[in-house]
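*Asks:* Given chain Y, work out where chains A, B and E should sit, using these hints.
4 protein chains.
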Amino acid sequence: MVKKIAVLTGGGDCPGLNAVIRAIVRTAVYHGIEVIGIRDGFKGAVENDFLSLGLQEVSGILPKGGTILGTSNRDNPFAFTVQKNGQSLQEDRSDQVIKNLENAGAEVLVVIGGDGSLNIALALSKKGLKVVGVPKTIDNDLMATDFTFGFQSAVETAQEALDKLHTTAESHHRVMVLEVMGRYAGWIALYSGIAGGADIILIPEIPYDIEKVAEAVNIRKQNGKKFSIMVVAEGAKPLGGEMVVERTIAGRTDPVKLGGIGAKAAADLERMIGLETRVTVLGHIQRGGSPNTYDRVLATRYGVAAVDAVIGGKFDTMVALKGSEIGCVPLADAVNRLKKVPLGDPVLLMAQKLGINFGQ
Amino acid sequence: MVKKIAVLTGGGDCPGLNAVIRAIVRTAVYHGIEVIGIRDGFKGAVENDFLSLGLQEVSGILPKGGTILGTSNRDNPFAFTVQKNGQSLQEDRSDQVIKNLENAGAEVLVVIGGDGSLNIALALSKKGLKVVGVPKTIDNDLMATDFTFGFQSAVETAQEALDKLHTTAESHHRVMVLEVMGRYAGWIALYSGIAGGADIILIPEIPYDIEKVAEAVNIRKQNGKKFSIMVVAEGAKPLGGEMVVERTIAGRTDPVKLGGIGAKAAADLERMIGLETRVTVLGHIQRGGSPNTYDRVLATRYGVAAVDAVIGGKFDTMVALKGSEIGCVPLADAVNRLKKVPLGDPVLLMAQKLGINFGQ
Amino acid sequence: MVKKIAVLTGGGDCPGLNAVIRAIVRTAVYHGIEVIGIRDGFKGAVENDFLSLGLQEVSGILPKGGTILGTSNRDNPFAFTVQKNGQSLQEDRSDQVIKNLENAGAEVLVVIGGDGSLNIALALSKKGLKVVGVPKTIDNDLMATDFTFGFQSAVETAQEALDKLHTTAESHHRVMVLEVMGRYAGWIALYSGIAGGADIILIPEIPYDIEKVAEAVNIRKQNGKKFSIMVVAEGAKPLGGEMVVERTIAGRTDPVKLGGIGAKAAADLERMIGLETRVTVLGHIQRGGSPNTYDRVLATRYGVAAVDAVIGGKFDTMVALKGSEIGCVPLADAVNRLKKVPLGDPVLLMAQKLGINFGQ
Amino acid sequence: MVKKIAVLTGGGDCPGLNAVIRAIVRTAVYHGIEVIGIRDGFKGAVENDFLSLGLQEVSGILPKGGTILGTSNRDNPFAFTVQKNGQSLQEDRSDQVIKNLENAGAEVLVVIGGDGSLNIALALSKKGLKVVGVPKTIDNDLMATDFTFGFQSAVETAQEALDKLHTTAESHHRVMVLEVMGRYAGWIALYSGIAGGADIILIPEIPYDIEKVAEAVNIRKQNGKKFSIMVVAEGAKPLGGEMVVERTIAGRTDPVKLGGIGAKAAADLERMIGLETRVTVLGHIQRGGSPNTYDRVLATRYGVAAVDAVIGGKFDTMVALKGSEIGCVPLADAVNRLKKVPLGDPVLLMAQKLGINFGQ
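Residue numbers (our numbering), protein chains in the order written: chain Y, 1 to 360; chain A, 1 to 360; chain B, 1 to 360; chain E, 1 to 360.
Next up, chain Y with everything else stripped away, as it sits in the complex (with noise of 0.2 Å):
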């Protein structure tokens, strides 16, 4: 029987991510195993930050955003960032990892990440480690988990800023343009889209005819409806054209939205219909804040399935849902599995049923 056990938090944050800590927390003591929280991800493992977490620790944080714990976009114990003789070189501590990990007496490590995250997991785990880990992609974009936690509340913030840009839109004869997160897969853009009452979605999966956008529009038009709301998934892109998600400051690649694929839409639109174009960029807005209602519960559910993975001795597993149930699966079979929107995806299917265009 496990007596401990280690937690941490990697890549973007996401909201939920307190509540599976807390959950995670809740049933380890339930069934009397202590829990390790690590700081700031693979970095605090690396560099032995732990602290320990108990039911005082995890008190209040449900409807928080973020995490406790700290996270690091980048930290990679097998390739670690040191400073040496003022060069900037790396190299490999996952050993440090295993070996702090031993000393504080943990025997599996729980890994609440993202694909980054969870591959750096199955390597450790190939060199004996025990690990369990919990999905987190705020895109949905993993293939082996129906949905995952932080999605639906990044959807309802991009659906209420919709609702916010339609009496804009229709006050103005406008056509307003939000977008949305979404680099290689369309699901916040589908799902919003479809809540907040959008007549065109762009996603990465259907390569966008900008003429047939505005045919779209310029119906409307003709059946009296003066304003259109569009929604464009961060990685759309044009028809036989590229994605365009890179942009530049001063010089540098930078993460500050500098007229990406919704600015290049918006734009090649007002010049093709009679009607003012403006855009909106959503952003960081998306990750942050409280976990809305059905991510508390299902944040919650995947910290529960993942004590009961240790308790199982479900090791080098990642927890999953699968229609209402929430199971595992093996780490190995669920890294590096992108998840897009399949063309037969039912909320597709139903979204075009409703006369919602595509860009096709």
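In case anyone wonders, no lab produced these hints; they're calculated from the structure. Please note: incorrect hints may appear among the correct ones.
[Unchecked claim] Okay, derived cross-link-like pairs now, EDC-like style, lysine to aspartate or glutamate, Cα gap no bigger than 20 Å in a straight line:
#1 340/A - 325/Y
#2 225/E - 49/Y
#3 226/A - 57/Y
#4 353/Y - 57/A
#5 353/A - 325/Y
#6 322/Y - 345/A
#7 225/E - 57/B
#8 339/A - 325/Y
#9 84/Y - 47/Y
#10 322/A - 345/Y
#11 225/B - 57/A
#12 339/E - 325/B
#13 221/A - 49/B
#14 322/Y - 325/A
#15 353/A - 34/Y
#16 322/E - 345/B
#17 225/A - 57/B
#18 226/Y - 49/E
#19 221/Y - 57/A
#20 221/E - 49/Y
#21 353/E - 57/B
#22 340/B - 325/E
#23 221/B - 49/A
[As the list claims (entries may be wrong)] Pair by pair, the computed Cβ-Cβ distance ranges are:
#24 211/Y - 273/E: 45 to 51 Å
#25 273/E - 81/Y: 17 to 23 Å
#26 224/B - 95/E: 37 to 43 Å
#27 224/B - 211/Y: 43 to 49 Å
#28 56/B - 81/Y: 26 to 32 Å
#29 274/Y - 91/A: 54 to 60 Å
#30 209/E - 330/Y: 53 to 59 Å
Quick reminder that beta carbons are idealized off the backbone N, C-alpha and C, glycines included.
*Replies:* Frame of chain Y; chains A, B and E shown alone:
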């Protein structure tokens, strides 16, 4: 090929009704099918109170609570209340409904309603009318479908109330009790309790022992938690006791919550523990307001699926969510089958592992 | 120059208490003043239950409802309840409070509380303790200040409930009644009624004639509006009648709303009109939760102003909002002066011009 | 006694426009005055695009964002753009406006608009038309009134975004920058920054020294706070530098935020500190959506006051909030007077005492 359909909403209102209506109209228009709306449920069907529904009529209603068609709780065409010679009589007017629809050219009737309305739809289908049902129960207690629209919105309203009660409970070292909907099934209590961080959840499916509840509160006190949050479904009942849902004002049965089970459980509990206890009865605000993101998508899917069923000739069925797909089930198999929370429900089991007390 | 102050929160909780505490600590630290927090209101002052408050302790509490210090409703150091020989006695422990503060080095006591707590503060000031008061009343019924923090948040909670009831009222052709806080003053009912589009508002300051209310509902019906929304302050009373705020469960006075004035008015109304009437009692959820934007700014201003008063040597005062400025008024002038809604209040007059009925 | 009035909304949309329109219509109807609505601002006034506004037309619009009348940003009847012989010309059509209103029987024109629209109203009044203005500026930058409706809603939207960015900032140890509206005045940045717990606020009225900003971030780091939140008004500018509000896409000036001042400040800051910096530009979502509680009351008061002014014969005025009362000021005194944040503003001073850095 069907040319014209009619649609009505019956029973208590529920967030997402307008989203269903909008999806039906948009999808029908997209396929060249005309839609007639019927006012105030089966009352309008008997009284021939129809209106034409086009894109204009459903524009902007997606986020709106309630139903633009109006609804009525009690009007049954098979036992329709009429006034004759100063007396109130019940007559069978079902033939009138069929005739009215025929005169209007409506080939299929889409009924968006709960078990009562769907039973009427089934009875009409037996008289030869083609019907398609869309399930509506805010309590999520219909066996044939995984989730109904409006449920997640009600859970969200309850969770937001719990968030608010939490801060008072903590500041005042009190037990705060929230009575939520759920006369026969504890789904809203279960989901909102998990999402709102409740310590105790009482549901109709698990008769509660108030001593076990007091014990749970006391264990929290011993662990330094001087407050507790309890969610009580209105249909919860003490072990060996009765449901307490009826109450009277001035000699008549009244929907005002006069000391329902929440108040009883709170009063009983306060006598057993050394903490103040306060009750809030959430009531009608669980039914109203804008559907949340999840319900907007789900309600829209139901609406599209209803038109799909019409086009596919799948009459005398109800659209139903199974896993991630929406399909059709025979109406006869869907009605009169209450879905309670099974003791093996994965979400219930998860809540128990998390340490939430269910009065046991 | 003052070196150290103490702060406590007394009476019922209210959105914005933590924002005041945070502002006090941040401003004090900025000026090199130490802050001691007192737990659970005057109870902690008697029992010497103190903690040190620095930037770390108040980090992240701005949006948090409740009070991190805890509060108590009833503990008065001048009549402090103690257990002696199995009996409950009341003793004057005010000297103990002064001594405890002296021992802790606190030169000034900042009391964030309602009329009860401020009266205690005034009494302590007469014994030589330097005090500064911060007014807290969710009902906004304190004469010396234009607005109190928490009031707008409570109004928002009530308005959101009205928005939800609106859709049900309209769909079901009902009169929906919402009972809100306001035992002696109708501010919450007045403001939330206007913001929530109520047709009728009943407040303690204007005894209502139920026949006039019924008339207003009937005029709406004649104009094609088959529903009405009514807000009732818990202290409203019928013309010539009594306030109905006490109620009992199982032989004891209880906070559970058992047929308060909202239920009475609804039942009376239903008998006079041909529409179903439903009541919701909002209760404690008006007190809890995150302060809204307006209250976060106002509460922060009060906290800064309290430290300003300390630095400026303005003791035995209460900070108060007058127009757009926050200044100080003598505590002696501020307590025991209830601010009811005057019949010439500009917002009340405006509501009457708008056609809202006040039961007249 | 006036029998009929006309009303239009001009300029950019703003939460609360519909609440003003509703209040005007309800109050007018209550006093037996007819109301004509003009579509799309002054464009409809020139083109005689009128509709009748009764209780039915304004039912349910209180919580709705935008304006049911439509608006236009640029149409000025004194320089109205017309197409002649394939050319775009500007003609004076102000006489047409007066004639159209006369023909419709409207004796007074109520203009709900910003400085541009109110200037047109003033010019029309000089030609003999009776006008009453209702101030609309989401930036709150009109000298003659304490607060304008829509401002608090925009502040709330910005604050909610700050709440979300906060959790990301804390989890990732980043500086998160939010660019908000406010080209000439920093009111939105000031209020939302306080309500959202910002550490740094940059406003147009205080040119910022980026080194002082970096210093503030570094002091926080030394105190153990590895993250900071900065709000930047779009009109903020560096000491000795220029405002950066214009940007181009594909050779044309475009509303898309292409590296505005938020991006510049963030990029400059990141170079000076050892923390990642991220920017979000909130944009149009500040304008849209349902007015919040405060704005619903304020907008309603403005609408009632406008009809009061009509009835009282106070023409060529603008309704304005002063303290807690709404009165009238001469239009001529109200226009062209920008209200910037004065350096002695009580809220600004309070923010400085709280330790918020303003780039100084």
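*Asks:* Hints first: check each against the structure and report whether it holds.
*Replies:* Here is what the structure says about each hint:
1. Straight-line distance between C-alpha atoms of residue 340/A and residue 325/Y comes to about 17 Å, which keeps the hinted pair within the 20 Å bound.
2. As the CA atoms of residue 225/E and residue 49/Y are separated by approximately 17 Å, the hinted pair is consistent with the 20 Å bound.
3. For the suggested pair residue 226/A and residue 57/Y, the alpha carbons sit about 16 Å apart, so the restraint of at most 20 Å is met.
4. With a C-alpha separation of about 19 Å, the suggested pairing of residue 353/Y with residue 57/A holds against the 20 Å cut-off.
5. Note on residue 353/A and residue 325/Y: the hinted pairing holds, with a Cα-Cα distance of about 15 Å set against a maximum of 20 Å.
6. This hinted pair checks out: residue 322/Y and residue 345/A have alpha carbons roughly 15 Å apart, not beyond 20 Å.
7. A distance of roughly 12 Å separates the Cα atoms of residue 225/E and residue 57/B; the hinted pair therefore holds under the 20 Å criterion.
8. As the CA atoms of residue 339/A and residue 325/Y are separated by approximately 17 Å, the hinted pair is consistent with the 20 Å bound.
9. For a cut-off of 20 Å, the pair hint linking residue 84/Y to residue 47/Y stands: about 16 Å separates their Cα positions.
10. With a CA separation close to 15 Å, the supplied pair residue 322/A and residue 345/Y stays within the 20 Å bound.
11. With a C-alpha separation of about 19 Å, the suggested pairing of residue 225/B with residue 57/A holds against the 20 Å cut-off.
12. Proposed proximity of residue 339/E and residue 325/B is supported: the alpha carbons are some 17 Å apart, at most 20 Å.
13. Taken as a hint, the residue 221/A and residue 49/B pair is honoured in the structure, with Cα atoms around 18 Å apart against an allowance of 20 Å.
14. Between residue 322/Y and residue 325/A the CA atoms are separated by roughly 13 Å; this keeps the pair inside 20 Å, and the hint holds.
15. Pair hint residue 353/A plus residue 34/Y holds up; C-alpha atoms about 15 Å apart against a cutoff of 20 Å.
16. As the CA atoms of residue 322/E and residue 345/B are separated by approximately 15 Å, the hinted pair is consistent with the 20 Å bound.
17. For the hint linking residue 225/A to residue 57/B, the alpha-carbon distance of about 19 Å falls within 20 Å, and the restraint holds.
18. Proximity of residue 226/Y to residue 49/E is assessed by CA-CA distance (about 16 Å); at most 20 Å being required, the pair is judged to hold.
19. For a cut-off of 20 Å, the pair hint linking residue 221/Y to residue 57/A stands: about 16 Å separates their Cα positions.
20. For the hint pairing residue 221/E with residue 49/Y, the CA-to-CA distance comes to about 18 Å; that is within 20 Å, so the pair holds.
21. For the hint linking residue 353/E to residue 57/B, the alpha-carbon distance of about 19 Å falls within 20 Å, and the restraint holds.
22. Proposed proximity of residue 340/B and residue 325/E is supported: the alpha carbons are some 17 Å apart, at most 20 Å.
23. Taking the CA atoms of residue 221/B and residue 49/A, the gap is about 18 Å. The hint holds against a cut of 20 Å.
24. Range check, residue 211/Y to residue 273/E: Cβ separation about 47 Å, and the 45 to 51 Å hint holds.
25. Here the CB-CB span from residue 273/E to residue 81/Y is close to 19 Å, well matched to the stated 17 to 23 Å.
26. A hinted range of 37 to 43 Å holds for the C-beta pair residue 224/B and residue 95/E, which are about 40 Å apart.
27. Residue 224/B and residue 211/Y have their C-beta atoms about 47 Å apart, which keeps the hinted 43 to 49 Å range intact.
28. In this structure the hint that residue 56/B and residue 81/Y lie 26 to 32 Å apart at CB holds, the actual value being about 30 Å.
29. About 58 Å separates the C-beta atoms of residue 274/Y and residue 91/A, a value consistent with the hinted range of 54 to 60 Å.
30. Checking the proposed 53 to 59 Å range against residue 209/E and residue 330/Y shows it holds: the Cβ atoms sit about 56 Å from each other.
The structure meets every hint from the earlier list without exception.
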